[in-house]
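Sequence lines, in order, name chains Y and P.
Start counting the first sequence at 1; every next residue gets the next number (this note's numbering).
Start counting the second sequence at 1001; every next residue gets the next number (this note's numbering).
Hints in this document: simulated from the structure, not taken from any laboratory.
By construction, the Cβ of each residue, glycine as well, lies at the ideal position given by its N, Cα and C atoms.
Derived Cβ-Cβ restraints for the label pairs, each shown as a range:
(1) Y:299 to P:1019: 18 to 24 Å
(2) P:1003 to Y:97: 38 to 44 Å
(3) P:1005 to Y:95: 47 to 53 Å
(4) P:1012 to Y:345: 21 to 27 Å
(5) P:1003 to Y:7: 47 to 53 Å
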Amino acid sequence: MDPAQILAFFAVATVAGFAGRYLPLHFNALLSLLAYGIKDGQLACVFVFCLTFSCLACSLLSLQEGKAKRELELAIACGYAACATAIPLLFLAVPTIFSAARPFLWVVLGLLCIALVVRDSNPKAAALVMASSGVLGFLVLFFPLCDNALLALFSGFFGFSWDEHQAQEAHGLGLPVLLVPFIGMLLVMLPAATPFLAQPALSAALPLAGASQSAALVVGKALFDLCSAFAIGKARSQGSAMVADAGAGLQAVFLGIVLGFLSLLCAIAFCRATALNLGNKAQGAVTFAGRAVLVCLVVFSCGLWGLVVAAAAAAASEYAASSGTHRGMCLGSLYVPAIAYPLGLAPAFARLALGI
Amino acid sequence: MRPCTSLLLFAICLAALILKARSADIAYSPALAGLPQHAQVASASGTVYRSEKGGAMLCMGGCVRLYGSQAPNGSRANVVGVWAGKDGNSITVVRESWTLPKS
Chain Y
1 MDPAQILAFF AVATVAGFAG RYLPLHFNAL LSLLAYGIKD GQLACVFVFC LTFSCLACSL
61 LSLQEGKAKR ELELAIACGY AACATAIPLL FLAVPTIFSA ARPFLWVVLG LLCIALVVRD
121 SNPKAAALVM ASSGVLGFLV LFFPLCDNAL LALFSGFFGF SWDEHQAQEA HGLGLPVLLV
181 PFIGMLLVML PAATPFLAQP ALSAALPLAG ASQSAALVVG KALFDLCSAF AIGKARSQGS
241 AMVADAGAGL QAVFLGIVLG FLSLLCAIAF CRATALNLGN KAQGAVTFAG RAVLVCLVVF
301 SCGLWGLVVA AAAAAASEYA ASSGTHRGMC LGSLYVPAIA YPLGLAPAFA RLALGI
Chain P
1001 MRPCTSLLLF AICLAALILK ARSADIAYSP ALAGLPQHAQ VASASGTVYR SEKGGAMLCM
1061 GGCVRLYGSQ APNGSRANVV GVWAGKDGNS ITVVRESWTL PKS
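Chain Y on its own, in the form it takes in the complex (with noise of 0.2 Å):
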């Protein structure tokens, strides 16, 4: 690998990541954006990397101000550090746990939605956006209506709708950054999981986790997600499957691993070095030529049925916002298919849509 291409690479794709501070735009959108047509594989590895963690920490951070912020910035960090040194780990004992607790995999995914929504501060709401969006994910994974699906999904869910900046309650880091590594590897072997359905097992082990525990489970998961297509043979993420799809050696899944951790120091300083705020009229603008951006993304990656797959997810997602439920619950869309799936349900749903 030419150092040089290496050293540019790793800036564009931190420097990119500095968008989701300020811009609507989600990971998904950001890698369909910029690493579309990367041909070297170790290249693209080694983006993927620096875009995941830079925006990431970019995004994490933007929710926190003083104290709290410092206490987040060490979780993020540490959380990192803590999962790239279980790496090995994950290569060593998740394949063989792996392949055992495969066929009950379903039932502990089914488990943590039903957490999800039963501790919710809305649980009626909570169950409605969970299963509509079920239905709508069902629908569009499994019909081929638009192209780059997952991307429509997103961008409706989480683009399209951007929750204003809340701070949360930080609680120092301690023992949870040893925990993240486990909660992380757990969730790496759930089909559709994501950082969001671990908050049930992360509050049952530590009933005071706040901000920063969850920000290393983020950090901690994202890295061996990006690592799960080579350890367990499964991509659970956007991220993941490039990485795979590149060929890609472990040589470059270690640079990547080293590259992701600067460029999430470099996020980390230039949140330190920047304002949150860019004033209503500068933000507002921004915003718009975010969501600008985003619709263009959609139409021209996804097509127009994709546009209207967005504008279904957006529309889901502004239901649990207004009913004051969490928009997490908008990943239904990826936990009722992958729960469905084992039960047989597939087929009956795909008989009933075709009318057959």
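Starting from the known structure of chain Y, arrange chain P on it as the hints suggest.
Frame of chain Y, contents of chain P only:
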């Protein structure tokens, strides 16, 4: 946006998507596909459904043997999703794992 307005918009979009799905214009989807596109089915296991509009669909979790320009001859794919074209032969396979034939 008010909750009822969001639900109404969701219902309208969902109805449109269901109508699109039922139109049976489902021969090809790069989003689902991955590999291979329009491969030919040599043999298949798993329940096969045939819609009244002519498309055939294989049950998820089945296994197909494939041949064709974009699928290595005799290769096997564990199927996560399969879509058949209107002719009943061309399919799009979403693979979970992908194994080449032993030479």
